[in-house]
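Trainee: Order-wise, the sequence lines are chains A and B. The numbering of the first sequence is UniProt numbering, which starts it at 1 and goes up by one. The numbering of the second sequence is UniProt numbering, which starts it at 1 and goes up by one.
Derived by calculation from the structure, the hints in this document are not laboratory data. This one's a predicted model, so the numbers in the text were calculated from it and none came from an experiment. Do not take every clue at face value.
Said to hold, decoys possible - So these bits of chain B aren't anywhere near chain A, every CB distance computed over 10 Å:
id, residue
1, Ile3
2, Ser20
3, Asp38
4, Asp122
5, Gly129
6, Met135
7, Gln139
8, Glu140
9, Arg176
10, Leu220
11, Phe281
12, Asp306
13, Pro334
As the list claims (entries may be wrong) - Between beta-carbon pairs, the in silico distance windows are:
id, chain 1, residue 1, chain 2, residue 2, range
14, A, Val83, B, Ser270, 42 to 52 Å
15, B, Arg207, A, Arg80, 26 to 36 Å
16, B, Ala211, A, Asp61, 55 to 65 Å
Using N, Cα and C, we set each Cβ at its ideal position, and we do this for glycine too.
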Amino acid sequence: MILELAPTDRPFLPRGVRVQPDRVRGGMVLLAPEKAIRLDAIGEAILARVTGQASFDEIVDDLAQTYNAPRDQIGTDVQRFLVGLRARMYLGVNP
Amino acid sequence: MTIPPPIAMLAELTHRCPLSCPYCSNPVQLQGKAAELDTATWADVFRQAADLGVLQLHISGGEPASRPDLVDLTAAAHDAGLYTNLITSGIGLTPKRLDALESVGLDHIQLSMQGTTAGLADWVGGYKGGFTRKMAIAQEIKARGIPLTLNAVMHRHNLDDLDATIDLAVELGARRLEVACVQFHGWAVRNRDMLLPTFEQTEATKRTVAAATKRLRGILAFDFVPPDYYSDYPKACMGGWGSAGLNVTPDGTVLPCHAAESIPHLTFQSVRDVPLADIWFKGDAFNAYRGTDWLPEPCQSCERRDIDFGGCRCQAMMLAGDASVTDPVCTRSPDHGLVLKVLEDAGVARKDGEFTYRAYAGKQG
Ligand code: SF4
Ligand code: SF4
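Whenever a hint applies, use it, and build me the whole structure from the sequences.
Mentor: Below is the structure:
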């Protein structure tokens with residue numbers, strides 16, 4: 001299976017995977033089966049947009065606009081981040 | 001050194017289990033039912049754990065489903081804000097109990113696999129009919145869409161069953177397969193000649209896992225724990241002693257790792273007497289091997305010092321008779337000959353007889 005998301009793919013966090021505040025250490029944490037991943041500001045910003053509704057392209061557009069950053073660079077970063085999650089089965093994708 | 005709060009806690013609700021796997025990670029001295037913490041005490045421990053910084057709770061045993069209050073305990077853990085992972089053989093779960101667990105917020109199930117056929121699985125687990133019941137509950141888990149990991153403890157008698165295990169994981173809709181080669185602590189030591197895989201099996205396993213990881217990308221994720229006797233370097237046990245995780249036994253004793261009681265000079269505190277945070281930050285057992293300052297040579301000047309922290313303390317204890325030396329698994333350890341000797345002896349003594357199953361000393365608890 002190819003893990004890279006197509007522009008129209010709509011990613012979501014499947015059951016058993018969620019983002020929640022880490023009330024002891026601060027910040028947000030991604031909780032998945034037997035795994036806790038601290039999110040940096042970028043990861044947090046990406047996952048806040050992973051709703052199952054927004055497409056990959058829409059997520060990238062939104063981030064590029066919000067952070068006033070080059071779209072190509074953002075696209076590469078988001079792809080890398082999401083592929084990493086998908087490889088561990090922490091991310092689902094709707095066509 | 002600032003001590004970070006723990007991320008994960010293993011709660012061994014009970015040592016009771018219908019199965020009697022010959023590699024069970026429970027201690028050789030099993031605790032009976034009378035010693036177990038009650039519902040309210042466990043619930044309080046879960047709240048203390050969440051306050052301390054624990055994010056992941058592994059609800060384990062023995063067989064956690066042997067506790068009649070499993071649903072209440074899961075609810076308490078969920079309410080405390082913990083991610084709840086049920087580690088089970090499946091025996092003792094029913095469709096009704098699964099429904100109840102789902103409704104109180106159970107996040108994930110890790111189902112143990114002893115083999116992919118009734119003949120093999122029931123022999124290894126020492127429980128006739130167990131495989132059929134496990135498969136029935138696995139189908140119920142799948143039907144509900146509860147996130148599932150299969151945990152296959154692999155050893156000489158089922159490593160050749162790995163391909164079938166992978167197929168089964170896919171068929172059951174598991175998202176993850178843990179291929180954990182048996183680790184030699186407690187009961188497994190008593191069965192070492194039966195369990196220790198051959199070098200050829202180990203190499204074949206690595207190839208199989210690597211190929212399947214590629215082939216099943218996006219379908220099934222793999223976690224592979226190789227048998228460390230054949231490795232060059234030891235594992236970073238628990239991500240470092242007293243650094244990421246802790247373990248609470250059925251009677252409330254708090255351990256830095258599940259085998260820590262095998263180190264005779266350590267004393268352990270109980271949640272019955274001391275707040276969990278004090279045990280974590282100030283307990284002697286947790287501070288005994290925390291960090292790397294205590295590490296001897298060759299670890300102290302080794303470039304892997306902050307990667308594996310000198311390996312497993314319990315393994316150093318068991319093989320070298322001293323918990324504070326370099327894990328003998330390491331090829332740089334002066335005691336590495338002990339591991340080579342075990343491998344050599346196992347090659348000669350390799351048995352195809354019967355397992356020494358786990359059992360309560362004296363009367364059943
Ligand atoms: S390893 Fe086997 S005997 Fe031990 S708790 Fe797990 S299922 Fe029970
Ligand atoms: S010498 Fe010590 S630190 Fe270096 S690899 Fe071996 S166990 Fe790890």
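Trainee: Evaluate each hint against the coordinates.
Mentor: Evaluated hints:
no.: 1; hint: Ile3; verdict: holds (13 Å)
no.: 2; hint: Ser20; verdict: holds (25 Å)
no.: 3; hint: Asp38; verdict: holds (27 Å)
no.: 4; hint: Asp122; verdict: holds (27 Å)
no.: 5; hint: Gly129; verdict: holds (28 Å)
no.: 6; hint: Met135; verdict: holds (21 Å)
no.: 7; hint: Gln139; verdict: holds (18 Å)
no.: 8; hint: Glu140; verdict: holds (16 Å)
no.: 9; hint: Arg176; verdict: violated (6 Å)
no.: 10; hint: Leu220; verdict: violated (7 Å)
no.: 11; hint: Phe281; verdict: holds (13 Å)
no.: 12; hint: Asp306; verdict: holds (19 Å)
no.: 13; hint: Pro334; verdict: holds (35 Å)
no.: 14; hint: Val83/A x Ser270/B: 42 to 52 Å; verdict: holds (45 Å)
no.: 15; hint: Arg207/B x Arg80/A: 26 to 36 Å; verdict: holds (28 Å)
no.: 16; hint: Ala211/B x Asp61/A: 55 to 65 Å; verdict: violated (39 Å)
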